[in-house]
Structures are given as structure tokens and as C-alpha cells.
Amino acid sequence: MAKNGDKIKMTSDQDPLCCCEYINIDGERSHLLALCCDCEAIDDTVDRWLKGVAVPESSYSKIWSTVMDRLRIPWFGGARQCPWEVLIPAATVPLLMLFASLSMATMMCSLAIIPLILLISRVVLRHQPKSLFYYIWTCSSFFTLFCIFELYVVPMLLISFYEHLLFAALLAAALLSWYRVRSRRGFCQPSSVVDAAETFCELCEAARPARAFHCVQCERCVLLRDHHCAWLDCCVGGANQRPFVVGLASVALAMAQAAWLTVACVCPGPLTPWLVLTCRPDSTAGAAALFGALYALVCAVLCSAVLAHQCLLISLGQTGCERRRHLTPPGPPAGLLVNWYRFLTGRDEPAPEPEQ
Numbered sequence: 001m002a003k004n005g006d007k008i009k010m011t012s013d014q015d016p017l018c019c020c021e022y023i024n025i026d027g028e029r030s031h032l033l034a035l036c037c038d039c040e041a042i043d044d045t046v047d048r049w050l051k052g053v054a055v056p057e058s059s060y061s062k063i064w065s066t067v068m069d070r071l072r073i074p075w076f077g078g079a080r081q082c083p084w085e086v087l088i089p090a091a092t093v094p095l096l097m098l099f100a101s102l103s104m105a106t107m108m109c110s111l112a113i114i115p116l117i118l119l120i121s122r123v124v125l126r127h128q129p130k131s132l133f134y135y136i137w138t139c140s141s142f143f144t145l146f147c148i149f150e151l152y153v154v155p156m157l158l159i160s161f162y163e164h165l166l167f168a169a170l171l172a173a174a175l176l177s178w179y180r181v182r183s184r185r186g187f188c189q190p191s192s193v194v195d196a197a198e199t200f201c202e203l204c205e206a207a208r209p210a211r212a213f214h215c216v217q218c219e220r221c222v223l224l225r226d227h228h229c230a231w232l233d234c235c236v237g238g239a240n241q242r243p244f245v246v247g248l249a250s251v252a253l254a255m256a257q258a259a260w261l262t263v264a265c266v267c268p269g270p271l272t273p274w275l276v277l278t279c280r281p282d283s284t285a286g287a288a289a290l291f292g293a294l295y296a297l298v299c300a301v302l303c304s305a306v307l308a309h310q311c312l313l314i315s316l317g318q319t320g321c322e323r324r325r326h327l328t329p330p331g332p333p334a335g336l337l338v339n340w341y342r343f344l345t346g347r348d349e350p351a352p353e354p355e356q
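Heads up, the sequence shown is in my numbering, so the first residue is 1 and it goes up one at a time.
Do not take every clue at face value.
Quick list of in silico lysine to any residue cross-link-like pairs, SDA-like style, CA-CA up to 20 Å [as the list claims (entries may be wrong)]:
{"#": "1", "residue 1": "K130", "residue 2": "V86"}
{"#": "2", "residue 1": "K130", "residue 2": "L98"}
{"#": "3", "residue 1": "K130", "residue 2": "A90"}
{"#": "4", "residue 1": "K130", "residue 2": "W84"}
{"#": "5", "residue 1": "K62", "residue 2": "H127"}
Restraint ranges, calculated between C-beta atoms of paired labels, are given here [what the hints assert, rightly or not]:
{"#": "6", "residue 1": "E57", "residue 2": "Q217", "range": "44 to 50 Å"}
{"#": "7", "residue 1": "P209", "residue 2": "C147", "range": "30 to 36 Å"}
{"#": "8", "residue 1": "R323", "residue 2": "G346", "range": "18 to 24 Å"}
{"#": "9", "residue 1": "L327", "residue 2": "L158", "range": "50 to 56 Å"}
{"#": "10", "residue 1": "H164", "residue 2": "L95", "range": "24 to 30 Å"}
{"#": "11", "residue 1": "V53", "residue 2": "L327", "range": "28 to 34 Å"}
{"#": "12", "residue 1": "C147", "residue 2": "P333", "range": "44 to 50 Å"}
{"#": "13", "residue 1": "R342", "residue 2": "L302", "range": "24 to 30 Å"}
{"#": "14", "residue 1": "G77", "residue 2": "C109", "range": "37 to 43 Å"}
{"#": "15", "residue 1": "P209", "residue 2": "E163", "range": "45 to 51 Å"}
{"#": "16", "residue 1": "R324", "residue 2": "L125", "range": "17 to 23 Å"}
{"#": "17", "residue 1": "W340", "residue 2": "A305", "range": "16 to 22 Å"}
{"#": "18", "residue 1": "S103", "residue 2": "E57", "range": "40 to 46 Å"}
{"#": "19", "residue 1": "D282", "residue 2": "A308", "range": "33 to 39 Å"}
None of these hints come from the bench; they were simulated from the model.
Just so it is clear, CB atoms sit at the ideal spot from N, CA and C, and this is done for glycine as well.
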């Protein structure tokens, strides 16, 4: 291996890539050690800034493409790209947990940083409909909170077997619902034959029945579409609304129980709404557990709010798309009990069709 300027090149391009090498966007062999080296776009941009010359938009696009191309992790057969929308959410929650364990002040800062990051990501991703940022954030949060509870709280031996069993059951119900929501999308199948009660969607080339709407993120029409859940990276519609509601209830109960048990273990004394504000954990593990409890409590409140909105839509017999567009479902209006009966028995649920 020899250096040529700031770029590291191999003596033979025919050699197999090692775990830290990759082929960059210019088709050249590069190395992870050259992360901050040889970027003409950055050099030209900084030079223009110093000279007071306007920087063309293409320079910023080139810098962004170069940064995204060099954001990689070592892997067998060559370094693999790791997009920022995957790397940031995967690392943020665990790092904030470690930062929160330093003191009470850092814990409050960590809780304040989370909505700030989500707000910035929303602004950055507003023109990028297809993104895994929020789905990876969900996975990272779930894994981090589970590790905090099992590794820090349970070993305190203050939780009974039945409390732990109830938490495990709620968690299993949430995971099963999560799987069913993502595996049953309810897409309209591509077809050139359109019935009288259907319209044709030119975007996905499918016959669109009544009460079906096109999803920009999924690029498909969804039967009885309610909304696109970015946190699960899938559409919620007639085919998966029931497991979605069950999952919301399971997650809300599991997070609330985990937060309650964690506060009871970490903060001695009678449980009051102000106990968290006056609690001072005597260890790093206790501070991390308290951060997890507060984060889980916020998740429980948000899931409960979404669950309440879903219950309202079910009671009205509407989907989220119909509600937002002020559309009235076809047919005579049904009452509260009839709407819930249809939801619980799956009378409005579309027949499963093979995915393509």
C-alpha cells in the first residue's frame, strides 16, 4: 500500500478489497483512513468562501454525495455504506443513555435533545418521502429500553415474577402485532381491468376500489388506507389496522409498566407524580434506568394519544385519509356499536391478496 498525495491507493486494483476498502463514487479504490482527505468539492467551496465568491448549488450537492459515500463501516469484502438516516438513529438513543447516566443535569439535557433531533430530522427529510430514519429510531429505542430494564432494573431483585411475566407478555404481544402490521400491507394489486365501482391509479397502475388511496412512500394504493406510519415504515389500512391498534395498546401498557417499576426500584419512597423530579439515583446504572423510565413514559403517552385517535376513527367508521379529506364513507351511516363490531370481526377488512 502506498500513499499518493492524500489518497491511499493499493498497488494492484485487482487485489480483493479488505474490510476497510471500497470503490468510491468516482470508481476509484479508496480506504476508510482517507475519510477527511482529497475532497475537491470542500476545498473549492472553502476557497470560494474565503474569497467572497458565490458557491454554486452543485458544490453543496457534491459535498453531500462525497460525505454519504465515505460514511461506511468495515465489512467482509469491503467497507459497506451506512447512510446517515440509519447511523444517526441507531447510535443516538444509546449514546444519550450513556450521557444521561452522568448526572441529573445531563439526563434532563438528553431528554431535551431527543425532540430537537426529531424536529431537525423532520425538516431535513421533508423532501425525502422514503426514509428509514424513524423506523431505525423505533428499533433502537426498543432495544435500548429493553436492555435498560433487563440489565439494570431486573437485577435489583425488587420486581416480582408476575410483574416480569406481565411485562414479557405485553412485549410479546407488541412484537407479534409489529410483525403482522408489516407483513399485511393491503396493497391493491396491479391490474388493467377496472370495474364500474373502481378507478384506475396511473401512479401504481392498479385498479383502485372505493375507499382506497395512494401512498407516496409505499408507491402503491392501499385498501382502506388510514395513514403511513413512518415509525413502522409501512402503511396502516384495513388489512392491518387491528394488529396496529393491539400493538399500540400493548406498547403503551408495556412502557407504562416498565416506567412505573423502574421508578419504584430506582427512587425509594412513596410513589408520587413528583418523585421523579426529586429522585437522585446513587449510581450510574440508576441514572441510566431513570432516563429509560422517563423515555418509556413519553413513549407510552404518545402511543396512548395515537390509540385514542384510532378509537375515534373506528367509532366514526372512517379512515384517516377520509377524515383528513372530509370524505363521507359510502353507504348509510352506521352507529357506534356497528362500527366497532365491523372492526372487531374484520367485516371491513379486505381479503388477503398475494404480494408481488
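Tested hints:
1. K130 <-> V86: holds (12 Å)
2. K130 <-> L98: Roughly 30 Å separates the two Cα atoms, so the pair is violated.
3. K130 <-> A90: Given pair K130, A90 holds - Cα atoms ~17 Å apart, limit 20 Å.
4. K130 <-> W84: Distance ~14 Å between K130 and W84 Cα, so the pair holds.
5. K62 <-> H127: Holds, because 18 Å separates the two Cα atoms, which is no more than 20 Å.
6. E57 <-> Q217: 44 to 50 Å: violated (26 Å)
7. P209 <-> C147: 30 to 36 Å: The hint (30 to 36 Å, Cβ to Cβ) is violated, given that P209 and C147 are roughly 44 Å apart.
8. R323 <-> G346: 18 to 24 Å: Because 21 Å falls inside the window, the suggested range holds.
9. L327 <-> L158: 50 to 56 Å: Check passed, 52 Å falls within 50 to 56 Å.
10. H164 <-> L95: 24 to 30 Å: holds (28 Å)
11. V53 <-> L327: 28 to 34 Å: violated (53 Å)
12. C147 <-> P333: 44 to 50 Å: holds (48 Å)
13. R342 <-> L302: 24 to 30 Å: Given range 24 to 30 Å: holds, Cβ gap about 27 Å.
14. G77 <-> C109: 37 to 43 Å: Holds, at about 41 Å.
15. P209 <-> E163: 45 to 51 Å: holds (47 Å)
16. R324 <-> L125: 17 to 23 Å: Holds: the Cβ-Cβ distance is about 20 Å, inside 17 to 23 Å.
17. W340 <-> A305: 16 to 22 Å: Holds: the Cβ-Cβ distance is about 20 Å, inside 16 to 22 Å.
18. S103 <-> E57: 40 to 46 Å: holds (44 Å)
19. D282 <-> A308: 33 to 39 Å: About 38 Å separates the Cβ atoms of D282 and A308, which means 33 to 39 Å holds.
Comparing the model with each numbered hint stated earlier shows that hints 2, 6, 7 and 11 do not hold.
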